[in-house]
Each structure stands twice: as structure tokens, then as C-alpha cells.
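Each protein sequence line maps, in turn, to chains A and B.
Position 16 (the first sequence) corresponds to 15 in numbering that gives the first Met the number 0; numbering is contiguous.
Position 104 (the second sequence) corresponds to 103 in numbering that gives the first Met the number 0; numbering is contiguous.
Note that these hints are calculated values from the structure, not bench results.
Where a beta carbon is used, it is the ideal one built from N, C-alpha and C, also for glycine.
Don't take every hint at face value.
Said to hold, decoys possible - Facing chain B, from chain A, some residues (calculated, C-beta under 10 Å):
no., residue
1, 7
2, 36
3, 39
4, 41
5, 53
6, 63
7, 95
8, 99
9, 115
Given next are the chains, with one letter for each unit.
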Amino acid sequence: MSYSEKVLDHYENPRNVGTLTDEDGDIGTGMVGAPACGDVMKLQIRVNEQGVIEDAKFKTYGCGSAIASSSLVTEWVKGKTLEQALEIKNTAIAEELALPPVKIHCSILAEDAIKAAVADYQSKKAVAEEYTACQPTS
Amino acid sequence: MIDFSATHLQLFGLPQQYGIDLNVLESRYRELQTKAHPDRFAGEDETQIRLAEQWSGRINEAYRVLKSPFERGCYLLTLQGIEPFGQNQPAMPPDFLMQQMQWHEQLAEARSKADKLMQLEQSVERHKKSLLTDLSGTVDSSAEQAALILRKLKFLFRLEEQVGEALEALE
Chain A
0 MSYSEKVLDH
10 YENPRNVGTL
20 TDEDGDIGTG
30 MVGAPACGDV
40 MKLQIRVNEQ
50 GVIEDAKFKT
60 YGCGSAIASS
70 SLVTEWVKGK
80 TLEQALEIKN
90 TAIAEELALP
100 PVKIHCSILA
110 EDAIKAAVAD
120 YQSKKAVAEE
130 YTACQPTS
Chain B
0 MIDFSATHLQ
10 LFGLPQQYGI
20 DLNVLESRYR
30 ELQTKAHPDR
40 FAGEDETQIR
50 LAEQWSGRIN
60 EAYRVLKSPF
70 ERGCYLLTLQ
80 GIEPFGQNQP
90 AMPPDFLMQQ
100 MQWHEQLAEA
110 RSKADKLMQL
120 EQSVERHKKS
130 LLTDLSGTVD
140 SSAEQAALIL
150 RKLKFLFRLE
160 EQVGEALEAL
170 E
């Protein structure tokens, strides 16, 4: 099986590889895995006060299509609001990268990673707000 | 004498459960394989020979599945209507994925260091063994839990393979 040019490009020059360190509670981390092939994917987003994703990083251990899918979504989510990011569908990822049918699950993994990262950010934020709400307002 | 609708376990006269006597499996496999060996049907008509071949293939496949703890677990769950690797299975637990990530990071760092690779190999092996022990206690009683263990094992097999490849590359 041969990879498409776009997959090869992301595979050879992955964008935004790395880890975001959470100092201000503005990071959401999504961890997902595909049992069938053993791929693991970590996607992190940094969200500003307006709810816009300012930065995104990923780390993926898996095949070229999984790496390309996660690399692509880090590019796509930047500048988007959380709601807009959640609208990214795996079909769009698969289409952009011209993934063959056997590699569609890689794009599903990337979509799931976005959802997991957003959910993680929102749950952290909810806890933080609750905490603030419980502080005495002297 | 040939019942193609029997389960793999029925084929060998074994109870329909995860815990089986592997010695019994082995000896019944040999018995059946001798009976069904296509050579025994030499000189008979085409249909008989083809049937013997099919039968022999069926026995081999059942034996292969039952012999492996992982395959046997998957098979028994499938009989219960659960596909451990189906589309609708729940997401993997985050702490498990975190551990996977760490192991993969260690593997990437240890690429050229045989001692580190062997350490990693051992810790993956230990983890695998403990999962296999958990598996034997859950397949018959708690299918969902067993399905999760099987999914975890699949990640470990993959990792084990990659550690093995890295070690081979050093030789």
C-alpha cells in the first residue's frame, strides 16, 4: 500500500510535535488509542479566555496515517473555538489526506482525540470555576 | 462423524469455558488429525478427499485458536455475542493510554541501548503476564471486563513486537 503525498508530507515533516505544559489550567489533553493496531495518540490544546484554541501539539505512536491525521488536526484546530473544533469530522481528515478505507480508523482516532482534549479542558475548567465559586467573597 | 456447526471446544470434547486442560486439547487434536488426515483417503473419490481436507483445516484452525490464551478469550467472547475489537467498544482508560505513551517514549529513547531495551521488554512482559492472569478469571464471568483486558493485551503485543524489532536491529 502506498501513502498519499499529503500523508508522506505530514509523516516526514510532522507539524506541532511535542507537549504543552499546563501551568495556568488552560491546557486540554486528549489521549486515545486504537486497540486493533496498537496506535496511541495524545493531542493537547491551549485555550485562551475567549475559548479559542491558540496552540496545539501532538504525540502519536503509530502508522504514517495516524501520525499524518494528528499532525493535520493540530493545524486545523488552531484559531478555532472549541465548538468549531468539535465540528471537525473524520471524513474531512480522511478526504484531505486521501486515506484508503483500511486507514479510515486513523482519522476516527484523530477526531476522537480532539473530542477528548476539549472534554478534558472543559472538565478542568468546570472544576476550577467551582473552586472559585466556593471562595468567600470578602 | 463430521459436524461443522460444532464450536471449537465441542470439536475436542472440551467444556465450553476459558479454563481448559491443554494436555487434553493436545491429545484430542492428534487423535482427530490422524482420523481426518487426507492421506487416509487416498484412492477414495474426490468428494471424500475434499471433505477430509476441509475437516482437517477446521481442526487445525480450532486448535490454533484454543491453544492461544488470547485467541481463546476472543473466541469465547464472540460466542457470547461480544466483539472485543468491534466498533462500539468503549474508549481505552486514560491511565492505560498514559502508560502506553510512556513505554513508547522509553522505547524511542532506548533505541540504541540494549540494556534499556531489555528492561523495557521485561516490564512489558510482566504486565502482559498479569493481564493474562486477569483474563483467565474474567472470560466466563465478566465478559465486558475480559474484552477490555483483551484490548489492553493487543496494545502490549504491538509494543512487544516493536521492542523486539529494536533489539534485533542492534544485533
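Discussion item. To test your reading of the hints: which numbers does this structure violate?
Written reply: 1, 5, 6, 7, 8
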